[in-house]
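Following the hints, position chains B and C against chain A.
From first to last, the protein sequence lines stand for chains A, B and C.
With the numbering used here, letter number 26 in the first sequence gets 26, and the count goes up by one each step, no holes.
With the numbering used here, letter number 282 in the second sequence gets 282, and the count goes up by one each step, no holes.
With the numbering used here, letter number 123 in the third sequence gets 123, and the count goes up by one each step, no holes.
Worth flagging that the hints you see were computed from the coordinates, not collected in a lab.
Take these hints with a grain of salt, some might be off.
Listed next, the in silico SDA-like pairs over lysine to any residue satisfying Cα-Cα at most 25 Å (straight line) [said to hold, decoys possible]:
{"hint": "1", "chain 1": "A", "residue 1": "LYS62", "chain 2": "B", "residue 2": "ALA195"}
{"hint": "2", "chain 1": "A", "residue 1": "LYS67", "chain 2": "B", "residue 2": "VAL9"}
{"hint": "3", "chain 1": "C", "residue 1": "LYS236", "chain 2": "C", "residue 2": "GLU248"}
{"hint": "4", "chain 1": "C", "residue 1": "LYS237", "chain 2": "A", "residue 2": "VAL8"}
{"hint": "5", "chain 1": "A", "residue 1": "LYS37", "chain 2": "B", "residue 2": "VAL9"}
{"hint": "6", "chain 1": "B", "residue 1": "LYS38", "chain 2": "A", "residue 2": "VAL8"}
{"hint": "7", "chain 1": "B", "residue 1": "LYS196", "chain 2": "B", "residue 2": "ARG148"}
{"hint": "8", "chain 1": "B", "residue 1": "LYS5", "chain 2": "B", "residue 2": "ASP243"}
{"hint": "9", "chain 1": "C", "residue 1": "LYS236", "chain 2": "A", "residue 2": "LYS45"}
{"hint": "10", "chain 1": "C", "residue 1": "LYS321", "chain 2": "C", "residue 2": "GLN381"}
{"hint": "11", "chain 1": "A", "residue 1": "LYS62", "chain 2": "B", "residue 2": "LYS38"}
{"hint": "12", "chain 1": "B", "residue 1": "LYS38", "chain 2": "A", "residue 2": "LYS37"}
{"hint": "13", "chain 1": "C", "residue 1": "LYS383", "chain 2": "C", "residue 2": "ARG400"}
{"hint": "14", "chain 1": "A", "residue 1": "LYS67", "chain 2": "B", "residue 2": "LEU188"}
{"hint": "15", "chain 1": "A", "residue 1": "LYS67", "chain 2": "A", "residue 2": "GLY16"}
{"hint": "16", "chain 1": "A", "residue 1": "LYS45", "chain 2": "A", "residue 2": "GLU65"}
If you want the ones that stay clear, here's a sample from chain A, every Cβ over 12 Å from chain B, calculated [unchecked claim]:
{"hint": "17", "residue": "ASP5"}
{"hint": "18", "residue": "ARG7"}
{"hint": "19", "residue": "GLU36"}
{"hint": "20", "residue": "LEU53"}
{"hint": "21", "residue": "GLU92"}
Computed from a predicted structure; not experimentally measured.
No residue lacks a Cβ here, since even glycine has one placed at the ideal position from N, Cα and C.
Given next are the chains, with one letter for each unit.
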Amino acid sequence: MADDDLRVLTSDSYAGPGDAGRTGAWRVLRPVIDYEKCAPAKSGKAACFLCWLYCPDNVVSKTLEPKIDLVYCKGCGICAEECPPHAIAMVEESKFSDLEAADMVQAGAVTAGADRD
Amino acid sequence: MEAKKTRAVNLTEEELVYPGNRACAGCGLNILYRIGLKAIGRDAILVVPPSCLTVMQGLYPITSTQLSVLNVTFASTAAAASGVRAALRAQDNDHTKVVAWAGDGGTSDIGLQALSGAIERNEDFLYICYDNEAYMNTGVQRSGTTPRGAVTANTSIGGKRERSKDVASIIAAHSPAYVASCSAAYPLDFHDKIAKALGIKGLKYIHAHTPCPPGWQMEEKVAVSIARMAVSNGLYVLYEIEDGRMTLSEPSAKLLKKKSLPRVEEYLQAQGRFKELGSDDIAAIQSDIDSKWAAYRRDMAGAAA
Amino acid sequence: MQVFDSGNVAAATSVKLARVQVVAAYPITPQTPLTEKLSQYVDSQVMDAEYVAVESEHSAMAVCIGASSAGARAFTATSSHGLLYMAEQLHWTAGARLPMVMCVVNRAVGAPFSIWNDQQDSISQRDCGWIQLYASDHQEILDTVIKAYRLSERICIPVMVCYDGYYLSHTYMPYRVPEQSAVDAFLPPYTYRHTLGPEKPTSLNTVTLPGGRTDIHGNFAPGYMELRESLDSEMKKAVAIYSEIDAEYLDIAGRGGDPIVQCYLCDDAEYVAVALGSMGRQLHDVADGLREEGIKIGVLSLAMFRPFPADILRAQLSGRKALIVFEKAFSPGQSGALRSELQAALYGEASQPELFNYILGLGGRSYSSVDFRSSIIESIQRKPGETGRCEEIGWIGLGR
Chain A
1 MADDDLRVLT SDSYAGPGDA GRTGAWRVLR PVIDYEKCAP AKSGKAACFL CWLYCPDNVV
61 SKTLEPKIDL VYCKGCGICA EECPPHAIAM VEESKFSDLE AADMVQAGAV TAGADRD
Chain B
1 MEAKKTRAVN LTEEELVYPG NRACAGCGLN ILYRIGLKAI GRDAILVVPP SCLTVMQGLY
61 PITSTQLSVL NVTFASTAAA ASGVRAALRA QDNDHTKVVA WAGDGGTSDI GLQALSGAIE
121 RNEDFLYICY DNEAYMNTGV QRSGTTPRGA VTANTSIGGK RERSKDVASI IAAHSPAYVA
181 SCSAAYPLDF HDKIAKALGI KGLKYIHAHT PCPPGWQMEE KVAVSIARMA VSNGLYVLYE
241 IEDGRMTLSE PSAKLLKKKS LPRVEEYLQA QGRFKELGSD DIAAIQSDID SKWAAYRRDM
301 AGAAA
Chain C
1 MQVFDSGNVA AATSVKLARV QVVAAYPITP QTPLTEKLSQ YVDSQVMDAE YVAVESEHSA
61 MAVCIGASSA GARAFTATSS HGLLYMAEQL HWTAGARLPM VMCVVNRAVG APFSIWNDQQ
121 DSISQRDCGW IQLYASDHQE ILDTVIKAYR LSERICIPVM VCYDGYYLSH TYMPYRVPEQ
181 SAVDAFLPPY TYRHTLGPEK PTSLNTVTLP GGRTDIHGNF APGYMELRES LDSEMKKAVA
241 IYSEIDAEYL DIAGRGGDPI VQCYLCDDAE YVAVALGSMG RQLHDVADGL REEGIKIGVL
301 SLAMFRPFPA DILRAQLSGR KALIVFEKAF SPGQSGALRS ELQAALYGEA SQPELFNYIL
361 GLGGRSYSSV DFRSSIIESI QRKPGETGRC EEIGWIGLGR
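Okay, chain A solo, but in the shape it has when bound (with noise of 0.2 Å):
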């Protein structure tokens, strides 16, 4: 092992969240789910899940309401292509107010804080 006095400098890194930033600010669509469409949601019951299971950022959760992490979603529409019933529709992002935004990256920020731990 290396002495104290070594500090052997090195690039180990660590997991978290947000490499990249808030990957959110992307994002020019915005996906807005219709759970009146969405099977599992719709159904109240497990099923589907495609939009989780082709989302690449891990932003789409698996519930029976599928919710989507806007900090860090990056707005690449997959997930509503491959909604089989397209209860997924892909929202131009200047639709939304900003106060709407600021709800949106604050209640991802949630989920990211609570990564960190």
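Showing chains B and C alone in chain A's frame:
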């Protein structure tokens, strides 16, 4: 006895890749990395050479992967993985999995020699090649697996003139313990093949087709549907090779029963990288697919029935 | 126990005594008898290790990188083009601060191919961040490898143990082999600073930005340049640390005491011949002869080239009339590297010796005591102040 297939509903919720990483939106690799790590689990050491995956890992001191990762030089992936395995053996550790995960350039070009050596030694690890069909991380230059006709940063006039290397066949010629091909359109198939591979001693190789929206010049949202199209039109084939015997995996196997396959045009025309292809080129690509499937029908029709 | 065997076997014996756990190697002359011997030790279970017969030197170092990172003591050996083929891996290993020892059995580099000895291979890799030690006989090869593991694992910098191809690798000499128990007491089992597993997953060698960056806990992490600076400042500590390690080795083996430089007849010497590796030993006879003629000459054999032990060299060499530096490697367009570095170390000293540089033995060209003697006489007959300019090379044996 075929293992039970994993479905989205019963796939583990445990996530081993953090969000907010540096992968581009709609990254095919990112889909398979996330699902693949679920199959690998936490007791593993990943070995990763320079590639998009290096960038996705993150910049010091933050990484997106909740597993131990050894980042190594470009040409050395399979050899470094051999070293990790040798060290684990020397410490009587027979539970930690060793998984090398490299790109197509890192596998088919600069890393092929080390990989060939590792297979010949029958090293005990899983090697996954994610194939986005060019050097995407350096700005989309042609690689050994870039398909004929694809425009890249250094085949910008007229596209690549040569056929792609069939890397999995080169690997299979070494007779490793297990070879399989996968696609970002079928992440559960990828998951189950990894799980199966990790249960086998020796060197296992999985080749995974991972669309790259910026490199392929297409919309991000179609990354999965384009990958699926490549399977359904017979261009990209999903299979396993065990004990020298090739079997088509379900999405490809069902094509055997079809009299004709969807034409390849739709796939090619959906991607800007193929914009330089003329009708003769497309016909040549179609002809390659048709003869490949004629051979499959001849060799495997009975087995798949 | 005293044995009579080749330098390569002495090296293999030391690797076994060091309880190396992973050996990876690719054959290249004149390293081959060393790694062949290790493969026999492993296959016959004389040595409890993994032997990985890789397909290239690049992969040999990759295996060692993987093994050392995953907690096993690793070893490889190479020569010449094998070392050069590893070049990027050498930088990687040092930057990753991986403990490791590699024997470099010195050989010329091509083109044209030459399988014979010189030191161009290791000297050309002086900037890759490895500690470089040079052994001058079989006993030193054996002792140095064992001490090198202690040094490397303490300081987290890889170590090359260099020795001359054929002159040492293939000749036979008597040497003493320490007891395994003594070596075990001297060299504790290897532990890597991380355990790569599920307990505390760590990503090693991740991309690092030019400047610093805050981590997920809000702590500041340094940038690339701080990492490089620490490699420099910590490698420089190897001079003192290696001396401490050598003193401990002296206790268990009864040999050592001069691990950095070995001075022969230097106390009152006006002139000092300086060389790396086995040449230093050959110069002893030459000095004996010149002393009989009344020429006050000594010999300084340098056993550590990186870090460059400038303090020790200044203390030994300042105030001498002239230094005659013999080298089996050079930087085309300049001079021998050792000469350049000695001059840099002595620059600004109140009493600087004249410096003369001779290049010899390239590609195995033979040389003899007569060559050393005439070069020394030629140098000391130069008028005071007529120092060899930094780019001036005396070529020994050209046209022979």
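Hint check:
1. Using a Cα cut-off of 25 Å, the hinted pair LYS62 (chain A) and ALA195 (chain B) holds, with the two alpha carbons roughly 21 Å apart.
2. Restraint check for LYS67 (chain A) and VAL9 (chain B): satisfied, since their Cα atoms lie roughly 16 Å apart, inside the 25 Å limit.
3. Annotation: proposed proximity of LYS236 (chain C) to GLU248 (chain C) holds, straight-line Cα distance about 20 Å (limit 25 Å).
4. Distance check on the hinted pair: LYS237 (chain C) and VAL8 (chain A) sit about 12 Å apart at the alpha-carbon level, within 25 Å; holds.
5. Straight-line distance between C-alpha atoms of LYS37 (chain A) and VAL9 (chain B) comes to about 18 Å, which keeps the hinted pair within the 25 Å bound.
6. The straight-line distance between the Cα atoms of LYS38 (chain B) and VAL8 (chain A) is roughly 33 Å, outside the 25 Å bound, and the hint therefore fails.
7. As the CA atoms of LYS196 (chain B) and ARG148 (chain B) are separated by approximately 33 Å, the hinted pair breaks the 25 Å bound.
8. For the suggested pair LYS5 (chain B) and ASP243 (chain B), the alpha carbons sit about 21 Å apart, so the restraint of at most 25 Å is met.
9. At roughly 66 Å between alpha-carbon atoms, LYS236 (chain C) and LYS45 (chain A) are farther apart than 25 Å, so this suggested pair is violated.
10. In summary, the hint linking LYS321 (chain C) to GLN381 (chain C) is supported, as the alpha carbons are separated by about 11 Å, within the 25 Å threshold.
11. Restraint check for LYS62 (chain A) and LYS38 (chain B): satisfied, since their Cα atoms lie roughly 14 Å apart, inside the 25 Å limit.
12. Proposed proximity of LYS38 (chain B) and LYS37 (chain A) is contradicted: the alpha carbons are some 29 Å apart, above 25 Å.
13. Of the pairs offered as hints, the one joining LYS383 (chain C) and ARG400 (chain C) is violated, with about 28 Å between alpha carbons and a cut-off of 25 Å exceeded.
14. For the suggested pair LYS67 (chain A) and LEU188 (chain B), the alpha carbons sit about 21 Å apart, so the restraint of at most 25 Å is met.
15. A distance of roughly 20 Å separates the Cα atoms of LYS67 (chain A) and GLY16 (chain A); the hinted pair therefore holds under the 25 Å criterion.
16. Annotation: proposed proximity of LYS45 (chain A) to GLU65 (chain A) holds, straight-line Cα distance about 10 Å (limit 25 Å).
17. Every Cβ of chain B is farther than 12 Å from the Cβ of ASP5 (chain A); the closest lies at roughly 22 Å, confirming the non-interface assignment.
18. The claim that ARG7 (chain A) lies off the interface holds: its Cβ sits roughly 14 Å from the closest Cβ of chain B, which is beyond the 12 Å cut-off.
19. Consistency note on GLU36 (chain A): stated as away from chain B, and its beta-carbon is indeed over 12 Å from all of that chain's, at 21 Å minimum.
20. Non-interface status of LEU53 (chain A) relative to chain B is broken: a Cβ of that chain comes within 12 Å, the nearest being about 4 Å off.
21. Even its closest Cβ contact with chain B, about 14 Å, leaves GLU92 (chain A) beyond 12 Å, as expected for a residue assigned away from the interface.
Of the numbered hints stated above, those contradicted by the structure are hints 6, 7, 9, 12, 13 and 20, listed in ascending order.
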